[in-house]
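Student: One letter stands for each residue in the lines below.
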Amino acid sequence: MASVTDLLLPGQQSATLDPAPRAMIVADDVHINYRVYASGKRMTARESLTSMRSFRGGRDLTTVPALRGVSFTATEGESIGVVGHNGSGKSTLFRAMSGLIPPSEGAIYARERPVLLGVNAALVPELSGENNIKLGLLAMGFSPEEAATRVDEIADFAELNDFIYHPMRTYSSGMAARLKFAIASAKAHSILLIDEALAVGDRRFRTKSEKRINELRDSAGLVMIVSHSTSSLKQTCERVLWVHKGELIADGPASEVIAEYIAWSKKPGASAVGAAAAPKPRTKNAPIAVGFDAGSLAESSAKDRLMGAGPVALSSPPEEPRALARRDRHRRIEQQSRKRSVLLMALTGVAVLLAVAAGAIIGTLSSVAAPAEPEPSVRPTPTSPAAAADPVIQSFAANVATVECASEEAEAQVLLSWQIDDADSVAIAAGDAQVDALELPLAAALPANLSDRSVPFSCAAEAVVYTVTAENADGVRVSASTSVTRVLPVETEEPDYDDSPSQPRPSQPAEPEPVTPPAPEVPVEPQPSTPPTEPTPEPTTPPITEPPVFDPGTGATTP
Amino acid sequence: MGAIAAPSIAGLAEVGTRPRLSDYLSETWRLRAFAVRLAGSRLISGLLPNRLGVLWIVLKPLSLAIIYGTIFHFVLAGPARPTNFVQYLIVGIFVFEFFTGCFGNGSKAITSNTKLVQSFGFPRILLPISVIAEQAMRMVPVVVLLGVLLLIFGEPISWSWLLIIPILAVMGVFNLGVALVVARIAVRTRDIQQVVPIINRVLFYATGIFFNVDGALADYPTLLTVMHLVPTYEFISLARDVLLSEYSAPLIAWIAAPIWALVMLVCGVIYFWQGEPRYGLSD
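One line per chain: the protein sequences are X and G, in this order.
Numbering-wise (the numbering used here), the first sequence opens with residue 70 and increments by one.
Numbering-wise (the numbering used here), the second sequence opens with residue 878 and increments by one.
No wet-lab data here; the hints were simulated from the structure.
The beta-carbon is built from N, C-alpha and C at its ideal position, and this holds for glycine as well.
Do not rely on the hints blindly, as some may be mistaken.
Pairwise CB distance ranges (calculated) [unchecked claim]: (1) X:S241 x G:V1025: 42 to 48 Å; (2) G:I1136 x X:P90: 51 to 57 Å; (3) G:I1136 x X:G544: 39 to 45 Å; (4) G:D1068 x X:L422: 17 to 23 Å; (5) G:R1065 x X:P194: 21 to 27 Å; (6) G:D1068 x X:R407: 22 to 28 Å; (7) G:G1092 x X:A415: 38 to 44 Å; (8) G:I1136 x X:A427: 32 to 38 Å; (9) G:Y1082 x X:A415: 16 to 22 Å.
Take these sequences, add in the hints, and give me the full structure.
Tutor: Rendered as structure tokens:
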């Protein structure tokens, strides 16, 4: 047992003058709290389904202390075993030492980054063992040439034979463990943390690996082993740590600690995980004399960000600077997490604002998009009111559908009425088909609502199509047309065809020159869009000597 | 008892803290062979279980090109339809594939290699780098196929085709930056892996893979400028510029592409390095 004064020797001196071996790992009051997304109590299936937790995405954190103030020093050339029942924190300690889990309090110092070999640490499962060896060697810093030359050696050591070319996922746990051990132990001068790897190999491999561990230890490495196989620990290690419920309760020669451990674990109920009733085991190897030197730590404050905070007297008990540093660290962490949550909230706010802004931009863009469309498609204006700014022709009609002409040379008057919304300029035109009235106006610059505008009707054509075209400020034009047909006074009558709308149709194309009475069977039926008398939509093409035909055709297109 | 007298921590480094950036980068450079090796064996092991093996590298973008080509051949008309539609489309899809692969796999770079991270103490940045390296290896047959297809569709071969290599290299740098950022985010917030496909989709449309951005947005100059600044657009339009005779990239693409790559790389490296001690926590 080292005396307290020994422990408090200034670090620099002890490093240079002392023949004592160099420290490889120093664990300084390591605390680790796992944060788990769990309720921490028993839940029925129904509860866990209905609880709000699953909706919040599992933000409910429970803190579970896995390590509670573990301190020890391991020096070069040692091989240290770690015992403890399942869940006592052994593996957590190892993961913290290899830097996988940052301690929530305290710190771990190491000469070189420790390599952790875990039973469940597969490398790259889908790759072959050979590839995994190469990758592992490269990852440990071997050059590609070195790695290539050492592959065979490692494969031989792992005794995988032909399996070395199979994917690693096909390996049995023992084979995988052998390979992992072989890879990790390929490099000397490293701190090797072995997590139960020895328990899985077969007997032959176990002796081989014990030999390899001894070699490593001799070449100034440090080997730490977690194992439940106390017999193999006794053979490979001369020092054993006993971890119980996250605390280091024994640290001493392997045989003594293991004997105590075995004695304790034979007591009934001793090994229950987290059993509150079980008393803390008593041991004469309690780690009071952990080889940790607080004074040297304080001296190397340039290196140590945490201890640099407060002046530390060499003579003061080691707990005091540690406590100071711990408090300091705790505060800093608290501050950081507060800062982070504020930042997160601000970021969320900004994100929401951005989303709203993006929505607004998209909204405005889409409202602007409509008029600027390069080619607005055909739109049935009279019936459907279109987009806000477009002109809409509510109605456009002539006062008569037919005009009685004395002769083909005669002129008549037709009265047109229209009602147009949102129009800037309005023009009308006459022709034998619908035209753009603004291009060929009969009259332009007309008011948007007008009734009984008189326009000339020429009896020369068999029908005249009057078009009204309206244009809005943006230049969007809408047209509507109505057609007026003449009635030549050959035989004037407008009797009784209401009953037979179907008859005229077959008769018309068949007899192109019907000067006879039966022909003028003009149906007065209000068929909306197409001239009912002709099967074709063009009202102008039919035979010239047509019987008086009436068709109130309306159609509208935009140019 | 721990019978060791007074060891000092001189010469020890605190475990679980990040190294200095310069040390970190030099260590990364020293172990670069690891990233390349990992990329190569990943690529091969990913292809071996498939019957068609390496063909899948080219079949995937090819089938995408056929699907999009067929659909948008009928849908697209007017100014949004690019001239030489087929060539335009295949260059877009093949080059964009590079980004998709890097982005998607980059987000899983750490989380899918947890065991490796927990076994060895290499700089974690090597994992995203190996993702980019793997995707770059995948691009080789894709680019060859692209050249062959362009020849088949009657694109005249020219020396400017060689420029596709530096352009893809710069794009790789950009992709690395993006992968570094998402890789770190994914460790703490797995949700990002759900978001990645959405972002990919948005960029796919924003980049104008199958339509002509300039034609489609001719009436919205502001929006067009924004689209021109989309990083994937820069790289793809540069690729089109050098490969297609009838397309020329806007000047802004030539300027913005290297800037994007550089900015993304620096941000990515620093951001990733800052999270270095915590990557082993993911499981």
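Student: Give a verdict on every hint.
Tutor: Evaluated hints:
no., hint, in the structure
1, X:S241 x G:V1025: 42 to 48 Å, "47 Å, holds"
2, G:I1136 x X:P90: 51 to 57 Å, "54 Å, holds"
3, G:I1136 x X:G544: 39 to 45 Å, "42 Å, holds"
4, G:D1068 x X:L422: 17 to 23 Å, "21 Å, holds"
5, G:R1065 x X:P194: 21 to 27 Å, "24 Å, holds"
6, G:D1068 x X:R407: 22 to 28 Å, "23 Å, holds"
7, G:G1092 x X:A415: 38 to 44 Å, "40 Å, holds"
8, G:I1136 x X:A427: 32 to 38 Å, "24 Å, violated"
9, G:Y1082 x X:A415: 16 to 22 Å, "30 Å, violated"
In summary, the structure is inconsistent with hints 8 and 9 from the numbered list given earlier, while agreeing with the others.
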